[in-house]
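Q: In case you want the letters, here they are:
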Amino acid sequence: MDSDIGALTVIFTEFYYWVTIPLMFLIHVGFCMYEVGASRHKNMMHTLMKNTMLIPLVTVTFFFFGWWIYFAFPNGPFIFEGKGLVEATANAVPWSELMGAHLGGPPATESTTADDNVFWARINGVFWAAFLLFSWTAASIVSGAVIERIRSAAFWLIAVLVGSCTWVIDAAWGWHWDGWMVKLLGYHDAYASGVIHAIAGGAALGVLVHLGPRIGKFRKDGTPRNIAPHNPWLVTIGLFLIYTGFWGFYVACNVPIIAEADIGATGVGFTATTIYLTPTTLSAIVFNFLLSLSGGMIAGYMVSRGDAFWTYSCGLAGIITASAGNDVYHPMQAMLIGAAGAVIAYKMHFWVERTFKIDDAVGAVAVHGYAGFAGLVICGFMLWGHPSSPFEGYAAINPLGQLIGAVIMFFVLGFIPAWVLAGMLKSLGMLRIPHQIELVGLDVADYHGRDAEELEVIEAEIQEARDRGLLPKPAGGSD
Amino acid sequence: MSTTEITSWAVDLSTVGPIYPFVGTEMLWFVLGLVFWIGFHIWQIRFEKQTYDDDMAHMKRPVLFVRALKQNRLD
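The listed protein sequences derive, respectively, from chains A and B. Note that this note's numbering has the first sequence beginning at 1, numbered continuously upward. Note that this note's numbering has the second sequence beginning at 1001, numbered continuously upward.
Source of the hints: derived by calculation from the structure; they are not laboratory data. Treat the hints loosely; a few may be bogus.
Unchecked claim - Here are the in silico distance ranges between beta carbons for each label pair:
#	chain 1	residue 1	chain 2	residue 2	range
1	B	Val1063	A	Pro232	12 to 22 Å
2	B	Val1031	A	Leu471	27 to 37 Å
3	B	Lys1070	A	Val457	43 to 53 Å
4	A	Ile21	B	Val1063	44 to 54 Å
5	A	Leu455	B	Gly1024	54 to 64 Å
6	A	Thr266	B	Phe1022	28 to 38 Å
7	A	Leu471	B	Gln1071	27 to 37 Å
8	A	Gly423	B	Trp1009	50 to 60 Å
9	A	Arg354	B	Gln1071	27 to 37 Å
Unchecked claim - Pulled from the structure, derived: some chain A residues nowhere near chain B, Cβ distances all over 10 Å:
#	residue
10	Asp4
11	Ala228
12	Val268
13	Pro279
14	Thr280
15	Thr355
16	Glu459
17	Ala465
Cβ atoms here follow ideal geometry from the backbone N, Cα and C, with glycine treated the same way.
Turn these sequences into a full structure, and let the hints guide you.
A: Below is the structure:
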């Protein structure tokens, strides 16, 4: 803030990330509407609250430890050159003075240095919040898959695991300019095919293995029944809102402005970059976002023979598949990769459902997990040899590095931790609701007494009308 | 007297650091926040179990269970 250009850069960056936050909020609104619409009438309030309450729980835990994990774990720990935790996390520990209202002046406590304060004071909160909205998305992806039979208590613990722990570890490893996966593997995932979507899809699958299908999902011969959404229009609006929120998601994945000299370029200008500090532009990602969405929708319409639910979902799968390389793909490449991802997601969903009797209520494992995994692998071939970082000493993008990265995202940090936690909760009888409750519906208690209360209010209104002379008193003179 | 570090805004703002009240007590607030969060989970696990237990107790009579199946409510 010691020069006009410096001040403008800081304030522009602060405002830029702030704008992404309400946009990404729409993703969560969309997920809630989608899940409520997809659930049956008897479960809709429980479904709504299950997803809604992950907002405060992931938020407070991301404040407590999620943000710190991102800055502390880029080395593995101990994977990269034997280095352990990064200690320069003064902006991210929950007792830091930078985790609050701060104008950037000298430290008032021992939690920071003067340099920390100058750099982070105006950026820390908006950057934290942008990451937090990614956290909500990761946890919310799991939410849709498990509707209508999971206990809220179990889901919220799983949401904290995915939203404030595992996805943040993968971000430190592979979505950080200094992450060990970028350095050693050449891992590239500009708009989070893996670091959000594959990990969340893998986590959802890990939970579903223990949770089991909804009662009635499979016939005695093992073939699946379709459990139709109670409100397809709500599902539609929800998916449109997720599309809308994705604009904020993409933009939040970029660094909006940085001097060329700061990333080792030889010019004197400024550029936008990915989170790896590799140059890109907002125009590039706008082209590719829309074309990958289009490719996914067209392929989804074809492969599902015009099914509305899958056409919308395949639009998401298209974006998610192309996202790893959407910083540099040509728009036609993004479209065709999106189309391929949509077909993979659709086919895999039904194959896994038939073969393993996995009841993924909204296709979340397919749309986010399989499409994200495929997107990483495809990116390895499409961008083979492209630099993963602007700095020297980093591996270039390559197919093997991307495949290993996809396995780390989907299985190592996605499936396994969620499978372990869900297994522990199951062994404690805390994972699934009782069968009686599942049969009568999770909202059964919400409706208890409602008829009596409604009748009482109507009686009170009639009495009020009589008292005001709007209705005659009943014959006999008594009320 | 001020609960914050600020007693006047007629200063060079580049010399101003944290502006929230009770600077220096951040660890205490963090611990209180942790207790609040963990307390919620403990309370909610019990609350949810009690709710299901109550509902199932209400449906012990077959006629009430059948009614709940048909109407998705306990009345």
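Q: Hints first: check each against the structure and report whether it holds.
A: Against the structure, the hints:
no.	hint	in the structure
1	B:Val1063 with A:Pro232: 12 to 22 Å	violated (35 Å)
2	B:Val1031 with A:Leu471: 27 to 37 Å	violated (60 Å)
3	B:Lys1070 with A:Val457: 43 to 53 Å	violated (25 Å)
4	A:Ile21 with B:Val1063: 44 to 54 Å	holds (52 Å)
5	A:Leu455 with B:Gly1024: 54 to 64 Å	holds (58 Å)
6	A:Thr266 with B:Phe1022: 28 to 38 Å	violated (49 Å)
7	A:Leu471 with B:Gln1071: 27 to 37 Å	holds (32 Å)
8	A:Gly423 with B:Trp1009: 50 to 60 Å	holds (56 Å)
9	A:Arg354 with B:Gln1071: 27 to 37 Å	holds (34 Å)
10	Asp4	holds (14 Å)
11	Ala228	holds (16 Å)
12	Val268	holds (27 Å)
13	Pro279	holds (31 Å)
14	Thr280	holds (33 Å)
15	Thr355	holds (32 Å)
16	Glu459	holds (17 Å)
17	Ala465	holds (26 Å)
Comparing the model with each earlier hint shows violations of hints 1, 2, 3 and 6; every other hint is respected.
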